[in-house]
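Assemble the whole structure, with the sequences as input and the hints as a guide.
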Amino acid sequence: MFIKIEIEKCTGCGSCINACPFGAIEIKDYKAFITEACTLCGACIESCPEAAIIDERQKIQQKEKGKEYSGVWIFAEQSNGKIASVSYELLGVGRKLAAELNSEVSAVLFGPSDEVEELIKWGADKVYHVNSEEYRFLDDELYAETLINLINEHKPEILLAGATSVGRSFIPRVAARLRVGLTADCTGLEIDKETGNLLQIRPAFGGNIMATIVSPTSRPQIATVRPRVMKRGEYLPEKTGQIILVPPLKPKGRVRILQRIEDVSFCKINLQDAKVIVSGGRGVGSAEGFKMLWELASLLGGTVGASRAAVDEGWIPYAHQVGQTGKTVSPKLYIACGISGAVQHLVGMQSSDIIVAINKDPNAPIFNIATYGIVGDLKVIVPLLIKKLKEGVGE
Amino acid sequence: MKIIVCVKQVPHVSEVKIDPKTNTLIREGIPSIMNPYDLHAIEAGLQIREKMGGKVIAITMGPPQAEEVLREAISMGVDETVLLTDRRFAGADTWATAYTLSKAIRKIGFDLIICGKQAIDGDTAQVGPELAEFLDIPHVSYVRKIESVSDSELIVERLMDDCYEKIALSLPGLITVVKELNTPRPPSIRGKIAAKKAVIPRWNMEDIEAEEENVGLKGSPTMVKNIFAPPPRGERMFIEGTPEQQVETLIKELRRLGCL
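The listed protein sequences derive, respectively, from chains A and B. The first sequence: position 46 = 46 (my numbering), numbered continuously. The second sequence: position 86 = 86 (my numbering), numbered continuously.
The reader is advised that the hints may include incorrect statements.
[To be verified] Label-pair ranges, simulated between beta-carbon atoms:
(1) 109(B) <-> 234(A): 35 to 43 Å
(2) 194(A) <-> 228(B): 17 to 25 Å
(3) 51(B) <-> 23(A): 42 to 50 Å
(4) 287(A) <-> 243(B): 18 to 26 Å
Derived from the structure by calculation, the hints contain no laboratory data. Keep in mind the model is a prediction, meaning the values are calculated, not measured. Glycine included, every Cβ here is placed at the ideal spot set by N, Cα and C.
Next comes the structure, spelled out in structure tokens:
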């Protein structure tokens, strides 16, 4: 095992038992003992008042890391020519990281777009652009191959991509081939002042714990970043930069998109980009009940989400489902109506900026994470809310 | 058709909770289950076998007790299973996991590999696409519908953030599936008996000819530096009063925070 207890130092105080999230430490004969359940998470190390717990991995990671790698890259995703919002967020955090590392920020853009200059104004010093129709939509192998070539040629130190359906699908191929670390769905990124490593912070176990991940020996350090978590940087309309056209590769054609189905109702949902989500659960009571949620959502310029209970009842289609088996969202405002707040739902929405919960049951778990809790009948509260908003109360 | 389904034993995440007093995970009696997405992957494999013939092989990597999920797979109707277990595999991140699986899968041979979209403990969704890269085969993520299957091609629908796409995937290939795809069948009586009787082959590092520097913790480019409880959410309040007052206070608060 890589985590060891120095038996002579251990006083059997049991501090580590409380620190271990996995129940992997036992006290036997007044000494701590690590069991097979240990996942090497390292949570116990700092808990020990006697410094008796040793992480042997520290020794392993002393490999020399490539000094020739420098620069922060972001993968700028586009959808049908329009650059995705997450790309600008990545530029925001990318600039911060680059400032600490004293390096520059480059964006990689695949597919045609009229908005290439925008990437520069939002913070990119360089844009590597493959301006080819073949790159308009996600082709995992083509995207991966092209990005691998660019990385091998230019050797960036860090690569960030959105944790979107595009980024999460093809970036793993890049990491696999390059034999480098990849951290999924990060919600925080910092530079470790001591080592210069990228500290990649992400939720695990359905958001019940947070973990800091590092890739100490491989470069580039690659992470996908959850949309709507990072803040955009400053928009500089006068900023100039270099656009480097990269010749396209030929698609392998082992995966072919036959048709794109942009179902209108489906697109309207776009929960992940919504700034406001009004969400309904079992308490809404019927498909009819969702109508007032739609009205409230459109008043607030948002869209409608749902808990699994409401979807299973058939009151609203699956595409609206928020939670572990649905979408993960982080709007500015999340209004949970008649949702009790099962963990599976909470993990999908708990990173929302402001959560309002309306529920009859004052003990509903949703209130534990709600910024504002209203104990009451949503069938009274929601129509009142609509009425008062229309009247312009408090403006 | 030879179909391989990758499965994983995970802790029942929805029962993992934080003790509000100590801010640590309450861990007593958390059961282990098959990753929920993998049940849909197995179901997809079985349905394709029913149409095309051939066999479905479930594979997992984990400690000896991970055998339980393979028995569950057999009870649903899977033909064969393989357990990759070796102390040297412990502590693997997605890179080392995908590498190890790829070595075993090459040894077995395959036409199609099916994975769940992601495992609910790590939620990375990385092993499927990484595995495809190691095997140099194409992949399609987030499959919500399998429209047709032939010996050389799968026609599937891929669920994207803002639309879905109908896609032709050449075989051999890999798909990762979402729950919308199907409803997993419950175990049959015959399946349960078979599961009980089955002798599950165990392969170690030598069996799959994997290199030690690429497996387990040693082979993992990422490492967990530390874990901590999620920061508690900021201010929290109940809004009291009559419904009218509640609604007015709420609107005022939301305006104050610039939400409206």
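Taking the hints in turn, this is what the structure says about them:
1. Taking the beta carbon of each, residue 109(B) and residue 234(A) are about 55 Å apart, not inside 35 to 43 Å as hinted.
2. With their beta carbons about 18 Å apart, residue 194(A) and residue 228(B) fall inside the hinted range of 17 to 25 Å.
3. Between residue 51(B) and residue 23(A) the Cβ separation comes to about 44 Å, which falls inside the hinted range of 42 to 50 Å.
4. For residue 287(A) and residue 243(B), the Cβ-Cβ distance of about 24 Å falls inside the hinted range of 18 to 26 Å, so the restraint holds.
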